[in-house]
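Kindly generate the complete structure, drawing on both the sequences and the hints.
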Amino acid sequence: MGKRVGMEVAIASAEAAALCRFDVAAVYPITPQSHVAEHLSDIVNDGRVDASFITVASEHSALSAAIGAAGTGARTVTATSSQGLLFMSEILPIASAMRLPIVMLIANRAVSGPINIWNDHSDIMPMRDTGWISFFADNGQEVVDMTIQAFKVGEDRRVMLPVNINMDGFQLTHMVEPIIMPDQEEVDRFLPSYVPYATLHPDKVVSMGTLGMPEIYAEAQKSKDVAIVNSIKVVREVWNEWEKQFGRKYEPIQSYQTEDADVVLVTMGSMGETAEIAVDELRKLGVKAGLLKIKLWRPFPFDELKKAVKGIKVLAVTDRACSFGGPGGPVFSEIRSALYDMPKRPKIVNYIIGLGGRDVQVEDFMEMTRKAAKGKLSEPYVFYGVRG
Amino acid sequence: MTEKKWPETWQEINPGCMVFRPGSASEYHTGSWRAKRPIWENEKCIKCGVCYIYCPEGCVTETADGFFEANLDYCKGCGICAHECWPAAITMVNEEE
Chain A
1 MGKRVGMEVA
11 IASAEAAALC
21 RFDVAAVYPI
31 TPQSHVAEHL
41 SDIVNDGRVD
51 ASFITVASEH
61 SALSAAIGAA
71 GTGARTVTAT
81 SSQGLLFMSE
91 ILPIASAMRL
101 PIVMLIANRA
111 VSGPINIWND
121 HSDIMPMRDT
131 GWISFFADNG
141 QEVVDMTIQA
151 FKVGEDRRVM
161 LPVNINMDGF
171 QLTHMVEPII
181 MPDQEEVDRF
191 LPSYVPYATL
201 HPDKVVSMGT
211 LGMPEIYAEA
221 QKSKDVAIVN
231 SIKVVREVWN
241 EWEKQFGRKY
251 EPIQSYQTED
261 ADVVLVTMGS
271 MGETAEIAVD
281 ELRKLGVKAG
291 LLKIKLWRPF
301 PFDELKKAVK
311 GIKVLAVTDR
321 ACSFGGPGGP
331 VFSEIRSALY
341 DMPKRPKIVN
351 YIIGLGGRDV
361 QVEDFMEMTR
371 KAAKGKLSEP
381 YVFYGVRG
Chain B
1 MTEKKWPETW
11 QEINPGCMVF
21 RPGSASEYHT
31 GSWRAKRPIW
41 ENEKCIKCGV
51 CYIYCPEGCV
61 TETADGFFEA
71 NLDYCKGCGI
81 CAHECWPAAI
91 TMVNEEE
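Chains as they are written, first to last, in the numbering used here: chain A, 1 to 388; chain B, 1 to 97.
Among the hints, a few may not be true.
Simulated restraints, written as ranges between beta carbons of each label pair [claimed, not checked]: (1) A:M213 with B:F20: 37 to 47 Å; (2) A:D46 with B:C78: 11 to 21 Å; (3) B:G66 with A:K204: 36 to 46 Å; (4) A:G209 with B:T91: 32 to 42 Å.
Below, simulated SDA-like cross-link-like pairs (lysine to any residue); rule was C-alpha separation at most 25 Å, straight line [unchecked claim]: (5) B:K36 with A:M213; (6) B:K76 with A:R158; (7) A:K249 with A:M213; (8) B:K36 with A:F190; (9) A:K204 with A:N230; (10) A:K204 with A:G68; (11) A:K222 with B:A64; (12) A:K288 with A:K374; (13) A:K233 with A:R158; (14) A:K204 with B:W6; (15) A:K233 with A:K204; (16) B:K76 with A:S207; (17) A:K204 with B:Y28; (18) A:K204 with B:K44; (19) B:K76 with A:G311; (20) B:K76 with B:E41; (21) A:K204 with B:S24; (22) A:K233 with B:T9; (23) A:K222 with B:V19; (24) A:K306 with A:A338; (25) A:K306 with A:N230; (26) B:K76 with A:F190; (27) B:K44 with B:A64; (28) A:K222 with B:T9; (29) A:K204 with B:I13; (30) B:K76 with A:M213; (31) A:K222 with B:N14; (32) A:K307 with A:E276; (33) A:K233 with B:E12.
Where chain B lies over chain A, by a calculated footprint (3+ residues, C-beta under 8 Å) [said to hold, decoys possible]: (34) 144 to 151; (35) 183 to 191.
Note that these hints are calculated values from the structure, not bench results. A virtual CB, placed ideally from N, CA and C, is assigned to each residue, including glycine.
The structure is reproduced here in structure tokens:
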């Protein structure tokens, strides 16, 4: 039934990939992902999985090598962070267009400038439209579970898409957490060996990464969109299966104390746990607060969101990235747009918080909730806690 | 039945736009882009084969009598053959006036 261990989350994510018996890891190290890269390398070096570790010149090469490896039918893992993810940006939509189920561990970190190595979501947000399935983990256990789930979702013949697991840099990657590490036998039962749709092999010729002329490009993009939109069914299925086998429940949007709530916070990633405590504290003070935690960012869970916000008066959406010159943070604009057609929708306000490793504490969430209660803030989107 | 040049609908596209028919790219006649075509004057030609070597499309071939010609299905009219030709035996002429 698995073993409860105390383990650094970055190390645990690499261990989870090892439990999935990856064939190839192509990774370039970058803070705060480095421990993932190092540990994947250790695992291969120690012969714990029958795999190759490709040392590469850059993140651009890392993802390119991962695509090549996945093209041969290898179960492939990569990992990156911040500038590294941006350096991969040219290759990200190619991996999804080629329908290669690569799994990427992302240690979320702010992008430069100013240069900053700490955590926020400004690396993944500009990459959200590249056709990758995106999971967001709250804690180390979720990182481990989602890594294993990611291979199963991505490799499903109805999906065939790359998947990234977002874990907050330092706040998660460098924390030693209690984690139930599943047994190899359990993971083998959950995750069958990878049977690729097609492989690059001289005996059976196939062209991957082909040219798309104006006559076909739009149809190709439509087929990619349909693939990721439909993948939500498989995500739900895999998460149900996970719950049955491992007893831990996963939902695209996880509701906490929302049944009778007036004001509900929305978070993605590790801050969800801090926000939970804030909700508990507010409830002690008689404030009907609640929390929605988004676990599945792409494909966006529209149905789950609409269901989750029923009866809620105010949604206070938090973003750890800014869409400069846009309508607010990316999570906010997404949610507001998703609820536009609802006849009875909550008021929605936006806080941009936790940028570049800025600490957000229980008291901050309590204050944000109180201020949001009126359903309107001083500005369309507020940089909470910014001096000046 | 003639094979379709490309899938009609998005549903017909193979996952990842994979192509399982080797060599199918040759059915795409890139020569249709051409604005100018190379014309050989065989009186000037010294049969050195520089045009054949330099053609980036590989569409220049040697004829039975040792002269050269371009396969106009694939010749894009770049003019490199004409530029490289030592005795200036190749001239580029407009496809349309």
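Tested hints:
1. In this structure the supplied range 37 to 47 Å is violated for M213 (chain A) paired with F20 (chain B), their Cβ-Cβ distance being about 18 Å.
2. Checked against the given bound of 11 to 21 Å, the beta carbons of D46 (chain A) and C78 (chain B), roughly 54 Å apart, lie outside it.
3. The hinted range of 36 to 46 Å is satisfied by G66 (chain B) and K204 (chain A), whose Cβ atoms lie roughly 41 Å apart.
4. For G209 (chain A) and T91 (chain B), the Cβ-Cβ distance of about 38 Å falls inside the hinted range of 32 to 42 Å, so the restraint holds.
5. Annotation: proposed proximity of K36 (chain B) to M213 (chain A) holds, straight-line Cα distance about 22 Å (limit 25 Å).
6. Proposed proximity of K76 (chain B) and R158 (chain A) is contradicted: the alpha carbons are some 41 Å apart, above 25 Å.
7. Only pairs whose Cα atoms come within 25 Å are accepted, and K249 (chain A) paired with M213 (chain A) is rejected, the gap being roughly 44 Å.
8. Between K36 (chain B) and F190 (chain A), the direct Cα distance comes to roughly 61 Å. Violation of the 25 Å bound is thereby established for this hinted pair.
9. Simply put, K204 (chain A) and N230 (chain A) have alpha-carbon atoms about 29 Å apart, too far for the 25 Å limit, and the pair is violated.
10. Taking the CA atoms of K204 (chain A) and G68 (chain A), the gap is about 16 Å. The hint holds against a cut of 25 Å.
11. Between K222 (chain A) and A64 (chain B), the direct Cα distance comes to roughly 49 Å. Violation of the 25 Å bound is thereby established for this hinted pair.
12. With a CA separation close to 13 Å, the supplied pair K288 (chain A) and K374 (chain A) stays within the 25 Å bound.
13. For the suggested pair K233 (chain A) and R158 (chain A), the alpha carbons sit about 9 Å apart, so the restraint of at most 25 Å is met.
14. Of the pairs offered as hints, the one joining K204 (chain A) and W6 (chain B) holds, with about 21 Å between alpha carbons and a cut-off of 25 Å not exceeded.
15. Restraint check for K233 (chain A) and K204 (chain A): not satisfied, since their Cα atoms lie roughly 32 Å apart, outside the 25 Å limit.
16. Taking the CA atoms of K76 (chain B) and S207 (chain A), the gap is about 24 Å. The hint holds against a cut of 25 Å.
17. At most 25 Å may separate the alpha-carbon atoms for a hinted pair to count; K204 (chain A) and Y28 (chain B) meet this at roughly 22 Å.
18. The hinted pair formed by K204 (chain A) and K44 (chain B) fails the criterion: a straight-line CA distance of about 47 Å is larger than 25 Å.
19. Simply put, K76 (chain B) and G311 (chain A) have alpha-carbon atoms about 64 Å apart, too far for the 25 Å limit, and the pair is violated.
20. In summary, the hint linking K76 (chain B) to E41 (chain B) is supported, as the alpha carbons are separated by about 19 Å, within the 25 Å threshold.
21. For a cut-off of 25 Å, the pair hint linking K204 (chain A) to S24 (chain B) stands: about 15 Å separates their Cα positions.
22. For a cut-off of 25 Å, the pair hint linking K233 (chain A) to T9 (chain B) stands: about 23 Å separates their Cα positions.
23. The suggested pairing of K222 (chain A) with V19 (chain B) holds, with an alpha-carbon distance near 18 Å, which does not exceed 25 Å.
24. For the suggested pair K306 (chain A) and A338 (chain A), the alpha carbons sit about 8 Å apart, so the restraint of at most 25 Å is met.
25. Between K306 (chain A) and N230 (chain A) the alpha-carbon distance is near 18 Å, which keeps this suggested pair within the 25 Å criterion.
26. Between K76 (chain B) and F190 (chain A), the direct Cα distance comes to roughly 54 Å. Violation of the 25 Å bound is thereby established for this hinted pair.
27. Annotation: proposed proximity of K44 (chain B) to A64 (chain B) holds, straight-line Cα distance about 18 Å (limit 25 Å).
28. Under the criterion of a C-alpha separation no larger than 25 Å, the hint pairing K222 (chain A) with T9 (chain B) is consistent with the structure, at around 10 Å.
29. The suggested pairing of K204 (chain A) with I13 (chain B) holds, with an alpha-carbon distance near 19 Å, which does not exceed 25 Å.
30. At most 25 Å may separate the alpha-carbon atoms for a hinted pair to count; K76 (chain B) and M213 (chain A) meet this at roughly 17 Å.
31. Simply put, K222 (chain A) and N14 (chain B) have alpha-carbon atoms about 12 Å apart, close enough for the 25 Å limit, and the pair holds.
32. In summary, the hint linking K307 (chain A) to E276 (chain A) is supported, as the alpha carbons are separated by about 20 Å, within the 25 Å threshold.
33. Under the criterion of a C-alpha separation no larger than 25 Å, the hint pairing K233 (chain A) with E12 (chain B) is consistent with the structure, at around 22 Å.
34. Residues of the segment 144 to 151 of chain A lying with their CB closer than 8 Å to a CB of chain B number 0, which falls below the three-residue condition for coverage.
35. Residues of the segment 183 to 191 of chain A lying with their CB closer than 8 Å to a CB of chain B number 0, which falls below the three-residue condition for coverage.
Of the hints listed earlier, those the structure fails to meet are numbers 1, 2, 6, 7, 8, 9, 11, 15, 18, 19, 26, 34 and 35, in rising order.
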